[in-house]
Amino acid sequence: EPEVTQTPSHQVTQMGQEVILRCVPISNHLYFYWYRQILGQKVEFLVSFYNNEISEKSEIFDDQFSVERPDGSNFTLKIRSTKLEDSAMYFCASSEQPGGDTQYFGPGTRLTVL
Amino acid sequence: DAKTTQPTSMDCAEGRAANLPCNHSTISGNEYVYWYRQIHSQGPQYIIHGLKNNETNEMASLIITEDRKSSTLILPHATLRDTAVYYCIVRVSGGAGSYQLTFGKGTKLSVIP
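From first to last, the protein sequence lines are chains A and B. Just so we're aligned: the first sequence equals residues 200 to 313 in our numbering. Just so we're aligned: the second sequence equals residues 906 to 1018 in our numbering.
Derived from the structure by calculation, the hints contain no laboratory data. Among the hints, a few may not be true.
To give an idea of the interface, some chain B residues facing chain A are shown, with a C-beta separation under 8 Å as derived from the structure [unchecked claim]: (1) SER946; (2) GLN947; (3) GLY948; (4) PRO949; (5) GLN950; (6) TYR951; (7) HIS954; (8) TYR1004; (9) GLN1005; (10) LEU1006; (11) PHE1008; (12) GLY1009; (13) LYS1010.
Cross-link-like lysine-lysine pairs, in silico, PhoX-like; alpha carbons within 25 Å at most [as the list claims (entries may be wrong)]: (14) A/LYS241 with A/LYS277; (15) B/LYS957 with B/LYS974; (16) A/LYS256 with A/LYS277; (17) B/LYS908 with A/LYS256; (18) A/LYS241 with A/LYS282; (19) B/LYS1013 with A/LYS241; (20) B/LYS974 with B/LYS1010; (21) B/LYS974 with B/LYS1013; (22) B/LYS908 with B/LYS957; (23) B/LYS908 with A/LYS241; (24) B/LYS1010 with B/LYS908; (25) B/LYS908 with B/LYS1013; (26) A/LYS241 with B/LYS974; (27) A/LYS241 with B/LYS1010; (28) A/LYS256 with B/LYS1010; (29) A/LYS256 with A/LYS241; (30) B/LYS957 with B/LYS1010; (31) B/LYS908 with B/LYS974.
Using N, Cα and C, we set each Cβ at its ideal position, and we do this for glycine too.
Just chain A, same shape as in the assembly:
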């Protein structure tokens, strides 16, 4: 069964450093998403992406964050200058159709900012 994959599974970085989290969505899906979950808190939406453009973003997704689909398979989330409060699980998701279509999630990347 097709699945969303994410790398790395765990990333440790120093405050102020840039990190790139990578995702490979399900191959025939066209809509891509990033969510995050701070330890012990709810899963929160960050951004959605389609046709090389951001479709929707939350207040969390500020200028420190960016997303890109650099090739036909990868979807990346970049945090330019990490802060301690960026420590969280980051989940990528994809869907075949936009809007309310079923989203399928990857296993997540645990980001630890020291």
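Please arrange chain B on chain A, whose structure you already have, making use of the hints.
Same frame as chain A, but now just chain B:
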């Protein structure tokens, strides 16, 4: 998207059916009921969704009341691997919907041997 209310936690004996309720009294006619679960800190896993008819797949059944103000997710024979947080999410489906899934706190289901 309509607001949902779920119990904070539930226990279920292994092998028995787990019935997880969800109230969504403000649901609109074009909003679907989605269920996801999250095992430990893994990515949310899609379970099932429905509009007004009851639905069944290989993982679970979804029973939606006739007035659509509440629903129940049924895991017919719960196993220890079903221990997870279960999220009920109401949202518009199709191209008119918002892109984001809004997760609440969900119900922590503990399956007990």
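Hints, one by one, checked against the model:
Annotation: interface hint on B/SER946 holds; nearest CB of chain A at approximately 6 Å, less than 8 Å. For B/GLN947, the interface hint holds, since its Cβ comes within 8 Å of a Cβ in chain A; the closest pair sits about 6 Å apart. Hint status for B/GLY948 relative to chain A: holds, with the closest Cβ pair at about 4 Å, below 8 Å. The beta carbon of B/PRO949 comes within 5 Å of a beta carbon in chain A, closer than 8 Å, and the hint placing it at the interface holds.
For B/GLN950, the interface hint holds, since its Cβ comes within 8 Å of a Cβ in chain A; the closest pair sits about 7 Å apart. Interface restraint check for B/TYR951: the shortest CB-CB distance to chain A comes to about 6 Å, inside 8 Å, so the restraint holds. Nearest Cβ of chain A to the Cβ of B/HIS954: about 7 Å, under the 8 Å cut. The hint holds. For B/TYR1004, the suggested interface contact is upheld, since its CB lies about 4 Å from the closest CB of chain A, less than 8 Å.
The interface hint given for B/GLN1005 is met, as the beta carbon of that residue sits about 4 Å from the closest beta carbon of chain A, less than 8 Å. Using the Cβ-Cβ criterion of 8 Å, the hint placing B/LEU1006 at the interface with chain A is satisfied: the shortest such distance is roughly 6 Å. Interface hint status for B/PHE1008: upheld, as the beta-carbon distance to the closest one in chain A is roughly 4 Å, under 8 Å. Checking B/GLY1009 against chain A: minimum C-beta separation of about 7 Å stays under 8 Å; hint holds.
Given the 8 Å rule on beta carbons, the hint for B/LYS1010 holds: about 6 Å separates it from the nearest Cβ of chain A. Between A/LYS241 and A/LYS277, the direct Cα distance comes to roughly 21 Å. Compliance with the 25 Å bound is thereby established for this hinted pair. Our distance criterion of 25 Å between C-alpha atoms is met by B/LYS957 and B/LYS974, whose separation comes to about 10 Å. At roughly 14 Å between alpha-carbon atoms, A/LYS256 and A/LYS277 fall within 25 Å of each other, so this suggested pair holds.
Restraint check for B/LYS908 and A/LYS256: satisfied, since their Cα atoms lie roughly 20 Å apart, inside the 25 Å limit. Distance restraint check for A/LYS241 and A/LYS282: the Cα-Cα separation of roughly 19 Å lies within the 25 Å cut-off, and the hinted pair is therefore satisfied. A C-alpha spacing of about 13 Å is found between B/LYS1013 and A/LYS241, which places the hinted pair at or below 25 Å, so the restraint holds. Of the supplied pair hints, the one linking B/LYS974 and B/LYS1010 holds, its CA atoms being roughly 19 Å apart against a limit of 25 Å.
Straight-line distance between C-alpha atoms of B/LYS974 and B/LYS1013 comes to about 22 Å, which keeps the hinted pair within the 25 Å bound. About 17 Å separates the Cα atoms of B/LYS908 and B/LYS957, which keeps this hinted pair within 25 Å; it holds. Between the alpha carbons of B/LYS908 and A/LYS241 the distance comes to roughly 15 Å, so the proposed pair stays at or under 25 Å and holds. About 12 Å separates the Cα atoms of B/LYS1010 and B/LYS908, which keeps this hinted pair within 25 Å; it holds.
For the hint linking B/LYS908 to B/LYS1013, the alpha-carbon distance of about 18 Å falls within 25 Å, and the restraint holds. A hinted pair counts as satisfied when its Cα atoms are at most 25 Å apart, and A/LYS241 with B/LYS974 qualifies at roughly 24 Å. For the given pair, A/LYS241 sits about 6 Å from B/LYS1010 by alpha-carbon distance, which is consistent with the 25 Å threshold. For the hint pairing A/LYS256 with B/LYS1010, the CA-to-CA distance comes to about 21 Å; that is within 25 Å, so the pair holds.
Simply put, A/LYS256 and A/LYS241 have alpha-carbon atoms about 17 Å apart, close enough for the 25 Å limit, and the pair holds. Proximity of B/LYS957 to B/LYS1010 is assessed by CA-CA distance (about 24 Å); at most 25 Å being required, the pair is judged to hold. Annotation: proposed proximity of B/LYS908 to B/LYS974 holds, straight-line Cα distance about 11 Å (limit 25 Å).
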